[in-house]
Amino acid sequence: DAKTTQPTSMDCAEGRAANLPCNHSTISGNEYVYWYRQIHSQGPQYIIHGLKNNETNEMASLIITEDRKSSTLILPHATLRDTAVYYCIVRVRNSGYSTLTFGKGTMLLVSP
Amino acid sequence: KAGVTQTPRYLIKTRGQQVTLSCSPISGHRSVSWYQQTPGQGLQFLFEYFSETQRNKGNFPGRFSGRQFSNSRSEMNVSTLELGDSALYLCASSTSPPGANVLTFGAGSRLTVL
Numbered sequence: 070d071a072k073t074t075q076p077t078s079m080d081c082a083e084g085r086a087a088n089l090p091c092n093h094s095t096i097s098g099n100e101y102v103y104w105y106r107q108i109h110s111q112g113p114q115y116i117i118h119g120l121k122n123n124e125t126n127e128m129a130s131l132i133i134t135e136d137r138k139s140s141t142l143i144l145p146h147a148t149l150r151d152t153a154v155y156y157c158i159v160r161v162r163n164s165g166y167s168t169l170t171f172g173k174g175t176m177l178l179v180s181p
Numbered sequence: 008k009a010g011v012t013q014t015p016r017y018l019i020k021t022r023g024q025q026v027t028l029s030c031s032p033i034s035g036h037r038s039v040s041w042y043q044q045t046p047g048q049g050l051q052f053l054f055e056y057f058s059e060t061q062r063n064k065g066n067f068p069g070r071f072s073g074r075q076f077s078n079s080r081s082e083m084n085v086s087t088l089e090l091g092d093s094a095l096y097l098c099a100s101s102t103s104p105p106g107a108n109v110l111t112f113g114a115g116s117r118l119t120v121l
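So the sequences go chain by chain: G and W.
The first sequence begins at 70 in our numbering and counts up one residue at a time.
The second sequence begins at 8 in our numbering and counts up one residue at a time.
If you're looking for bench data, these hints aren't it; they were derived computationally from the structure.
Using N, Cα and C, we set each Cβ at its ideal position, and we do this for glycine too.
The reader is advised that the hints may include incorrect statements.
Short derived list, chain G residues pointing at chain W, Cβ under 8 Å [what the hints assert, rightly or not]: (1) Ser78; (2) Cys81; (3) Gly84; (4) Arg85; (5) Pro113; (6) Gln114; (7) Tyr115; (8) Ile143; (9) Arg150; (10) Arg162; (11) Tyr166; (12) Thr168; (13) Phe171.
Here are a few chain G residues that sit away from chain W, every Cβ distance over 10 Å (derived from the structure) [as the list claims (entries may be wrong)]: (14) Ala86; (15) Ser110; (16) Gly112; (17) Glu124; (18) Ser130; (19) Asp136; (20) Thr152; (21) Arg160; (22) Leu169; (23) Lys173.
Cβ-Cβ distance ranges computed for the label pairs, FRET-style [claimed, not checked]: (24) Gly91(W) / Thr77(G): 21 to 27 Å; (25) Asn123(G) / Ala114(W): 27 to 33 Å; (26) Leu18(W) / Met79(G): 30 to 36 Å; (27) Gln111(G) / Leu90(W): 22 to 28 Å; (28) Thr14(W) / Lys138(G): 39 to 45 Å; (29) Lys64(W) / Asn122(G): 33 to 39 Å.
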């Protein structure tokens, strides 16, 4: 699986958009980008995933660059409840195993 | 629908004892994975089960074992507990055969070894 690089921490004001970057310069053609988050003392929560097109769901938007070497998770209107560690994971889909390799992620702090 | 249920939520054991943790996946989910989370090592994959068969195993000693039952419920066991086994143990289930990568996690079982 390709390695990812994320900033250690980020701050965001409540109500503003939170843009969380992820670098995955060694991503291969059949690898997807997955985002999970973990609120303190809870299990990780799946947010969104994509291959090369931008994706949007009720939680967030995922923007993947044309060369697929980086991506940005966008929380359009961050709330205090979005304070969490966000993990970017690059993984082959349907590899036969659901093993996810979590890095250290980005600690997003949303402030009033 | 009910999420992934893990029991017990909290437990305290002493060194040398053994512990069994239980995980009930979302109804219809047949793949169950286990992860260990510690402040120092972060989230680490333990093992994955599908249709009562272990499909993949992480880099943990043989003291860590698991199994899956015909109803997809899973248990993991840690024998001869060490202080370093203190961690949050997370179970996750998914609907597809292994490899879908969209996992639903439970709230975890927090184990403290004294």
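A quick look at each hint next to the structure:
A distance limit of 8 Å between C-beta atoms decides the matter here; for Ser78(G) the minimum to chain W is near 15 Å, and the interface restraint is violated. Hint on Cys81(G) is violated. Least Cβ distance to chain W is approximately 23 Å, over the 8 Å limit. Interface hint status for Gly84(G): violated, as the beta-carbon distance to the closest one in chain W is roughly 28 Å, over 8 Å. The criterion of a C-beta within 8 Å of any C-beta in chain W is not met by Arg85(G), whose closest approach is roughly 28 Å, and the hint is violated.
Below 8 Å, beta-carbon pairs count as interface contacts, and Pro113(G) has one with chain W at about 5 Å; its hint therefore holds. Using the Cβ-Cβ criterion of 8 Å, the hint placing Gln114(G) at the interface with chain W is satisfied: the shortest such distance is roughly 7 Å. For the restraint placing Tyr115(G) at the interface with chain W, the shortest Cβ-Cβ distance is roughly 5 Å, inside the 8 Å limit, so the hint holds. For Ile143(G), the shortest C-beta to C-beta distance to chain W is roughly 19 Å, which exceeds 8 Å, and the interface hint is violated.
For Arg150(G), the shortest C-beta to C-beta distance to chain W is roughly 16 Å, which exceeds 8 Å, and the interface hint is violated. Against a cut-off of 8 Å between C-beta atoms, the interface hint on Arg162(G) holds, since the closest Cβ of chain W lies about 6 Å away. Given the 8 Å rule on beta carbons, the hint for Tyr166(G) holds: about 4 Å separates it from the nearest Cβ of chain W. A least Cβ separation of about 5 Å between Thr168(G) and chain W falls short of the 8 Å threshold, and the interface hint therefore holds.
Checking Phe171(G) against chain W by beta carbon gives a least distance of about 4 Å; that is within 8 Å, so the hint holds. With a least CB separation of 24 Å from chain W, Ala86(G) remains clear of the 10 Å interface cut-off, as annotated. Remark: the non-interface label on Ser110(G) conflicts with the geometry, its nearest Cβ contact in chain W lying 8 Å away (cut-off 10 Å). Not every CB of chain W lies more than 10 Å from the CB of Gly112(G), the least distance being 3 Å, so the non-interface label is violated.
Its beta-carbon lying about 13 Å from the closest one in chain W, Glu124(G) satisfies the requirement of being farther than 10 Å from that chain. At roughly 17 Å from the closest C-beta of chain W, the C-beta of Ser130(G) stays outside 10 Å, upholding its exclusion from the interface. No Cβ of chain W comes within 10 Å of the Cβ of Asp136(G); the nearest lies about 22 Å off, and the non-interface call holds. With a minimum CB-CB distance of about 18 Å to chain W, Thr152(G) clears the 10 Å threshold, and the non-interface call stands.
Non-interface status of Arg160(G) relative to chain W is broken: a Cβ of that chain comes within 10 Å, the nearest being about 5 Å off. Against the 10 Å criterion, Leu169(G) falls within the reach of chain W, whose nearest CB is about 7 Å from its own CB. Once the 10 Å rule is applied to beta carbons, Lys173(G) is inconsistent with being away from chain W; the minimum gap is 6 Å. In this structure the supplied range 21 to 27 Å holds for Gly91(W) paired with Thr77(G), their Cβ-Cβ distance being about 25 Å.
In this structure the hint that Asn123(G) and Ala114(W) lie 27 to 33 Å apart at CB holds, the actual value being about 32 Å. About 35 Å separates the C-beta atoms of Leu18(W) and Met79(G), a value consistent with the hinted range of 30 to 36 Å. In this structure, Gln111(G) and Leu90(W) meet the distance hint of 22 to 28 Å, their C-beta atoms being roughly 25 Å apart. Roughly 43 Å separates the CB atoms of Thr14(W) and Lys138(G), a value that falls within the hinted 39 to 45 Å.
Separation of Lys64(W) from Asn122(G) is about 34 Å and conforms to the stated range, judged on CB atoms against 33 to 39 Å.
Of the numbered hints listed earlier, those contradicted by the structure are 1, 2, 3, 4, 8, 9, 15, 16, 21, 22 and 23.
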